Amino acid sequence: MSIERKLWHFHGGLKLPGHKSLSNSVPLDIAPLPSRLVHPLGQHIGSPSEPIVEVGETVMRGQPLSRATGYVCSPVHAASSGTVVSIAPHPVPHPSGLEAECVIIQTDGQDQPYDGYPPLSNYQTLNAPALRARVRECGIVGLGGAAFPTSVKLNAGVGMRLLILNGAECEPYISCDDSLMRYRAVEIIAGAQVMMHALEISQCCVAIEEDKPEAFDSLEAALNRCGDPRIQVTRVPAIYPEGGERQLIEVLTGKQVPAAGIPADIGMLCHNVGTAAAVARAVLYGEPLISRVITITGHGVAQARNLEARLGTPIADLIEYCGGYTDKARHLIMGGAMMGFSLASDAVPVIKASNCLLVGSTEDVKPRAASMPCIRCGECAQACPAQLLPQQLYWHARAEEFDKLEPFHLFDCIECGCCDVVCPSQIPLTQYFRFAKTEIWGRERERRQSDIARERFENRKSRLELAEAERKKRLEAKTRALKKSGSSAASKAAIEEVMARVRAKESAAAPKPRQEEPD
Amino acid sequence: MLTAILAISGLAAGFGLLLGFAAVRFRIQGDPVVDQIDALLPQTQCAQCGFPGCRPYAQAIANEGAEINRCPPGGEATIRSLADLLDREPKPLDPERGEEKPPALAIIDEHVCIGCTLCIQACPVDAILGAAKQMHTVIASECTGCELCIEPCPVDCIEMVPEPATPTTWRWPKPADSGTKLVRSRA
Chain L
1 MSIERKLWHF
11 HGGLKLPGHK
21 SLSNSVPLDI
31 APLPSRLVHP
41 LGQHIGSPSE
51 PIVEVGETVM
61 RGQPLSRATG
71 YVCSPVHAAS
81 SGTVVSIAPH
91 PVPHPSGLEA
101 ECVIIQTDGQ
111 DQPYDGYPPL
121 SNYQTLNAPA
131 LRARVRECGI
141 VGLGGAAFPT
151 SVKLNAGVGM
161 RLLILNGAEC
171 EPYISCDDSL
181 MRYRAVEIIA
191 GAQVMMHALE
201 ISQCCVAIEE
211 DKPEAFDSLE
221 AALNRCGDPR
231 IQVTRVPAIY
241 PEGGERQLIE
251 VLTGKQVPAA
261 GIPADIGMLC
271 HNVGTAAAVA
281 RAVLYGEPLI
291 SRVITITGHG
301 VAQARNLEAR
311 LGTPIADLIE
321 YCGGYTDKAR
331 HLIMGGAMMG
341 FSLASDAVPV
351 IKASNCLLVG
361 STEDVKPRAA
371 SMPCIRCGEC
381 AQACPAQLLP
391 QQLYWHARAE
401 EFDKLEPFHL
411 FDCIECGCCD
421 VVCPSQIPLT
431 QYFRFAKTEI
441 WGRERERRQS
451 DIARERFENR
461 KSRLELAEAE
471 RKKRLEAKTR
481 ALKKSGSSAA
491 SKAAIEEVMA
501 RVRAKESAAA
511 PKPRQEEPD
Chain E
1 MLTAILAISG
11 LAAGFGLLLG
21 FAAVRFRIQG
31 DPVVDQIDAL
41 LPQTQCAQCG
51 FPGCRPYAQA
61 IANEGAEINR
71 CPPGGEATIR
81 SLADLLDREP
91 KPLDPERGEE
101 KPPALAIIDE
111 HVCIGCTLCI
121 QACPVDAILG
131 AAKQMHTVIA
141 SECTGCELCI
151 EPCPVDCIEM
161 VPEPATPTTW
171 RWPKPADSGT
181 KLVRSRA
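Chains L and E are the protein sequences, given in the same order.
So the first sequence is residues 1 to 519, counted in our numbering.
So the second sequence is residues 1 to 187, counted in our numbering.
Honestly, the hints are just simulated from the structure, not real lab data.
Among the clues, some could well be false.
Unchecked claim - BS3-like mimics (lysine-lysine), calculated; alpha carbons at most 25 Å apart, straight line: (1) E:Lys91 to E:Lys101; (2) L:Lys15 to L:Lys255; (3) L:Lys505 to L:Lys492; (4) L:Lys404 to E:Lys133; (5) L:Lys473 to L:Lys461; (6) L:Lys483 to L:Lys473; (7) L:Lys437 to E:Lys101; (8) E:Lys101 to E:Lys174; (9) E:Lys174 to L:Lys366; (10) L:Lys15 to L:Lys366; (11) L:Lys483 to L:Lys472; (12) E:Lys133 to L:Lys437; (13) L:Lys404 to E:Lys91; (14) L:Lys366 to L:Lys404; (15) L:Lys473 to L:Lys484.
All figures in this text were calculated on a predicted structure; none of them were measured in a lab.
Using the sequences and the hints, build the whole thing.
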């Protein structure tokens, strides 16, 4: 059902050219099966998972390759059948360009399914923990880009009032959710129903930016067919970064999520539409997260399009399938033009968080001019959707006064890049904030480490002191005992006794060699 | 006159008793300044500062006026935070004490180790595991990189390797093109 819903505004934001027709003018296509699949063990927020397969083992499509090591952790699954050829560091999509532990599979082309997850088509009879366990074992994480384990988010407790499915997709160039909503609307609606059942929520709102009329129509058609009155599809104005969880909640409900809190604190939950479709596939068909829709776009690739690709497919394979690089290709960016990061090579695989691959020309990604000093114009503060003071944060981040950043709520920054765009001095503000955040986390880690070292040092010191004191005590006791029994006659007798014993031993041992000599 | 003297002496005695009581009753255990300094030191326990550990160095700074630039593992960041805390002028690291190095871990070459336990005795944080004539190994997560185990090893089988960077511990670099000064042309 789509009724006009009253909408609110969030602070700041920008109207940006979408560049979405580059990739969404051709239908969703399925990428071919690659010959090698690279599955990084840490594809989500939280600790990396632990491998449970060995090199040389044959695996099926959907078979788990690793297990979760903590609560905020998620397993990865083989995206096709084949043989595990190595478990070793391999380049992964990360701004650092570093390598991380990956399970590499040589596919056999058979694509044989794993039968460990029976479909739960009777999910209405199951309780929330059972559904959460399924979502967890199927390795589902938020597909909007943050890759937070979905089962953790589904464990929100009672009293949730509204489930929001985020199909806003506000970032320029990205159209994977648009494509998914156009061609997989039924799965999205089914996923919404499963989540509503698991969360005991009776209201769901699917938010779509108004520049995606086809997606809106497709979802509404699917909704009319299943006739669920609890779900409604809402058009929201296209303003960047409306796809941010907090911004979307404010637009839809007029309520702000507390700075240090989560949406569940105000009775709301926000999931990406792709996550909903993945939940539906995991529960209804028993299919773990082994593929996702990814936008391949930019003027640097011959045919920009949306592809449903197996996770682990090397990016080079996808670009080849899209007709290869054009002469204009200058940048390789994972994510959109605003929040994405440059990739060092195209050997990295598609991971759960990969929503877009932007092969940029110089017109897609404009070279940044050298930055000028901050003139304190305040444009950044007006554009900031989190209502922060970027110029103040910049000031302290540049001076590396990290303790002064927290009163200015550095950690509420969503790194959307709006301040970068509006800054007349071209200061790379977001990069300063990313630098400051990772620096603060790094120092926090160091501090914890040094606390452990201090404790261990103190423990060792007290242990050594205790041992020394005990040794001294024993020595004193001995000397005292010796002094007490100390008449010279007694000690002489003791010495005599020991000497006699030694002599006896010697004479007993002496004949032996002589007996052996004749041999 | 007498009343005034009595009143003043009475007050003095009263307050004296009160202060004496407070000094005993509200006595602070330990030395808060030393604790604060100790919290800023990296706890490598490497003794490069010339004191037998981080806490002794903290005590020396607080009580004996030792310089704050004697900690190579902490480097410039530690000097700066110590200067902030103690309201002293930050100084460059004392080159006699060593130089600031990236964090490193000790690794024992297990083919060469003879199991002499000398490194175990030298390790200030019990980060080496082993027994006499048994293979020794460094518990990587506990190693502070103090290098104290290197010198006592009779077969030179311990090596310092830089801590490997992983995507989880990686830090964004500080933007380089910052703070270009505007040069005003005088027309």
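Check whether the Cα positions of Lys437 of chain L and Lys101 of chain E lie no farther apart than 25 Å. 23 Å, holds
**Message:** For a C-alpha distance cap of 25 Å, please report whether Lys505 of chain L and Lys492 of chain L respect it.
**Reply:** 20 Å, holds
* Under the criterion that the straight-line Cα-Cα distance not exceed 25 Å, is the pair Lys101 of chain E, Lys174 of chain E satisfied? -> 19 Å, holds
Exercise. Quick one, are Lys483 of chain L and Lys472 of chain L close enough, alpha carbons at most 25 Å?
Worked result: Given pair Lys483 of chain L, Lys472 of chain L holds - Cα atoms ~16 Å apart, limit 25 Å.
Restraint status (C-alpha distance of Lys483 of chain L to Lys473 of chain L at most 25 Å):
15 Å, holds
| query | Is Lys133 of chain E within 25 Å of Lys437 of chain L, Cα to Cα? | reply | 47 Å, violated
Exercise. Does Lys366 of chain L lie within 25 Å of Lys174 of chain E when you go C-alpha to C-alpha?
Worked result: Between Lys174 of chain E and Lys366 of chain L the Cα gap is close to 21 Å, so the pair holds against 25 Å.
Practice item. Take a quick look at whether Lys91 of chain E and Lys101 of chain E sit within 25 Å of each other, Cα to Cα. Key: The given pair, whose Cα atoms are some 18 Å apart, holds under the 25 Å limit.
**Request:** Decide if the proposed pair is consistent with the structure: Lys404 of chain L and Lys91 of chain E, CA atoms, cutoff 25 Å inclusive.
**Result:** Judged against 25 Å, a Cα distance of about 22 Å means the pair holds.
For Lys404 of chain L and Lys133 of chain E, compute the direct alpha-carbon distance and say whether it is at most 25 Å. Status violated; Cα separation ~53 Å.
Quickly compare the C-alpha distance for Lys15 of chain L and Lys255 of chain L to 25 Å and report which way the hint goes. It holds: about 22 Å lies between the C-alpha atoms, which stays within 25 Å.
Exercise for the section: Would you check the hint for Lys366 of chain L and Lys404 of chain L, treating anything up to 25 Å between C-alpha atoms as holding? Expected result: Status violated; Cα separation ~33 Å.
Of the hints listed earlier, those the structure fails to meet are numbers 4, 12, 14, in rising order.
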